[in-house]
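**Q** Top to bottom, those sequences are chains F and E. Numbering-wise (my numbering), the first sequence opens with residue 188 and increments by one. Numbering-wise (my numbering), the second sequence opens with residue 188 and increments by one.
These aren't lab readings, by the way, just hints derived from the structure by calculation. Heads up, none of these hints are tricks.
Identical copies look the same in the list; a pair holds intra-copy or inter-copy alike.
In silico SDA-like pairs for lysine to any residue, Cα to Cα no more than 25 Å straight-line:
hint: 1; residue 1: 385; residue 2: 232
hint: 2; residue 1: 289; residue 2: 262
hint: 3; residue 1: 515; residue 2: 224
hint: 4; residue 1: 306; residue 2: 378
hint: 5; residue 1: 331; residue 2: 381
hint: 6; residue 1: 568; residue 2: 334
hint: 7; residue 1: 405; residue 2: 230
hint: 8; residue 1: 568; residue 2: 244
hint: 9; residue 1: 370; residue 2: 463
hint: 10; residue 1: 405; residue 2: 516
hint: 11; residue 1: 191; residue 2: 292
hint: 12; residue 1: 331; residue 2: 388
hint: 13; residue 1: 556; residue 2: 325
hint: 14; residue 1: 391; residue 2: 276
hint: 15; residue 1: 289; residue 2: 331
hint: 16; residue 1: 545; residue 2: 526
hint: 17; residue 1: 515; residue 2: 589
hint: 18; residue 1: 568; residue 2: 221
hint: 19; residue 1: 225; residue 2: 345
The primary structure of each chain is shown beneath.
Number of protein chains: 2
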Amino acid sequence: MVIKLHSLNEVIDCIVKYLKINLKGIVKKVGIADAVGKYLAEDIRASMDIPPYDRSVLDGYAVIYEDIALTRPESPVKLRVVGNVDVDEFKGYELRRGEAIKVSTGSPLPRNASAVIPKEGCVAQGDYIYVYNPVPPNYGVSKKGEDLRRGELIVSKGTLLRPWHVGLIASQGIPEVLVYEPKACMFSVGDEVIDVGKVFSPGKVYASTTYLVLTYLKELGFRVRFMGFIGDDEEAIVKLLRKSLNLCDFVFTTGGTSVGERDLTVRALRRLSPEVLYHGVALIPGKPMAIAVVNGKLVMCLSGFPVAALAELEVVLKPLLSRVLGMKFFEPRVIGRLGRRLSTSPNMNYLIRVKVSKVGNEYVVTPLKITGSGVLSTLVKGNGVLLIREGSTGVDEGDLVEVTLLSNVEGGGCG
Amino acid sequence: MVIKLHSLNEVIDCIVKYLKINLKGIVKKVGIADAVGKYLAEDIRASMDIPPYDRSVLDGYAVIYEDIALTRPESPVKLRVVGNVDVDEFKGYELRRGEAIKVSTGSPLPRNASAVIPKEGCVAQGDYIYVYNPVPPNYGVSKKGEDLRRGELIVSKGTLLRPWHVGLIASQGIPEVLVYEPKACMFSVGDEVIDVGKVFSPGKVYASTTYLVLTYLKELGFRVRFMGFIGDDEEAIVKLLRKSLNLCDFVFTTGGTSVGERDLTVRALRRLSPEVLYHGVALIPGKPMAIAVVNGKLVMCLSGFPVAALAELEVVLKPLLSRVLGMKFFEPRVIGRLGRRLSTSPNMNYLIRVKVSKVGNEYVVTPLKITGSGVLSTLVKGNGVLLIREGSTGVDEGDLVEVTLLSNVEGGGCG
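Sequences and hints are given; from them, build the entire structure.
**A** And the structure:
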């Protein structure tokens, strides 16, 4: 039996159509201090102008521009200092012609003031200052709303919240935000899989893929409930799928997707009468993946091999989440020259681990040896991934390619 | 009063010399499922060979190479199938000349086997197979230790753990790892600062910097204890600094570092008789920062302005942590052409927010308007930062610069 490999675009389009995720169930209100590293589930708009009023950006004297427009060192303008406004004082001062008011950086500007003379730019004498040089209108003034305007979109839905986003949200006084926290159930299939910490015996394999998938989902903000390890037992898999679908909107399994006597996950999944099910996608590594929608919920049966499961998550799950929830993933890319030719089939997608190095002011992209999807060491050798999409007729040595970086490129500095 | 601006290299070198962080107090053992997003505090080595034994990478028949070396389609070699080894079976089979054993992908190789004939490459008939074409020695075989060798360093100390690292660690059966979790105390100084969620009043400012710093430290793996907001009261600051130093190895404050009548944090810090204290660093934005070592512990008095505090954390704290703890930060960089000249002083360091765009196959780096360190919107406008280090004599339009990406560059695809 050979499985048909489906185009990724077709699979994603169709799954999106059938998914009926209850959005209320997958968002959570959190305090902004706990929001970092999560994906924002709402648009955040400025609730106030920043600055909230015209203010000084200098230590000096607020003046009326016209008073000092024509001053010259030979005949300095003399202004009477009628007060002092500190950064958190609102005295409602109103400046009149011939007057100045002492201000600090951040002080609200007195009414009628239209420039600030830096304190180094004048000489104070008793109640008066002498201004020796003119400044342009609005010099030293930060206008109300110049930085942020009330109602302006400041952080958009789907953004991965980093400290600077949180700082910006805090500047608006906003204490809580909605973030995505979809609930997922996950379990691992296979007689051969043993949990970490257990004693190894020949013929067994530690649950590498399980932990990779678990932590991958966590990174994306999922709250994952691990349902356990389960042997090659179709009835038991059906039961666990049912239980998982009752608990969560997203169900992930690892193992049991290849076509073989003991690969039962897909068979079990079919018995749940999914609205749609694909078994086999045009992705290397990761071909035998199954993906289905059951009662509007997503079920992804990932490969038991870590490198293949990772490719399936990167190339199928991420675009799905981006389409359905608007999540924006940080995928820093560089353009580099391919170190050797890659022969690829135009009907397939390839996720290829690469080593990006800096040679002079250029990046060189060297694909790691394409080996079995079980090769663990490629998970950490290399520092980037290259996605070659279906439709491509291969990439030649020396071609420019765009690579997503997973860790730093060695060799700092430029030039 | 003018503060002297110290070279960053001098500051970091000297602080490192005086720091006496108790390493035991800042690491924590966590289950690998909880280790993602944290910085690894130990070297992880392979505890076993992967594969743990020679195994088949094909569904087919394990054979002795010499038996099939000379086979030809016209006169196929006939081998007797003496057994079947499944992926998790260890029957201790020993192959003899003239024999074959059925294997699946992942099956341990029987003793003496030196090649695997893919099942498509032979014809089975009763207890026999006919092999029509020879394969090279070790064809279809993955050798013990070929992927990972026992004792090999697989994830190094200081690595930011991503799902693939966790997967690799899991493959070794390792259930727990040491990660960094330094404890930090933090408080914010300033009569004008109000917490988020409180009612705004003119002259006040929401605690934007507080939350930026809090979440920045969280991202780096710190467990942060927030000690509260405190007014411009030197005695109270001294007390809170003392309390914080009793609780944590790292103390961070925001606000109260500029030279002004009410800027008291640095004065309070001096009263604790630090082993070393710098006030003023050659960094724009971020000049008025103070940094000290008190009883071997780090105290950083950050700016009250978010953009300046962020620069201080990026350019001073990160290199310190990298020197002292070996933390390796993910700083994805691209080389791009500078869109306009930047005039800089050779004695200063600059952290400049930039917008990186893709033009053809090149990146163009446009510095955002350099404005006051209080300008919040620059926190999220732009998608990268450019660090110009002391010693640089300015960068011209068209020069190549290396920029750290903070979010994606718009415009996908290559070519």
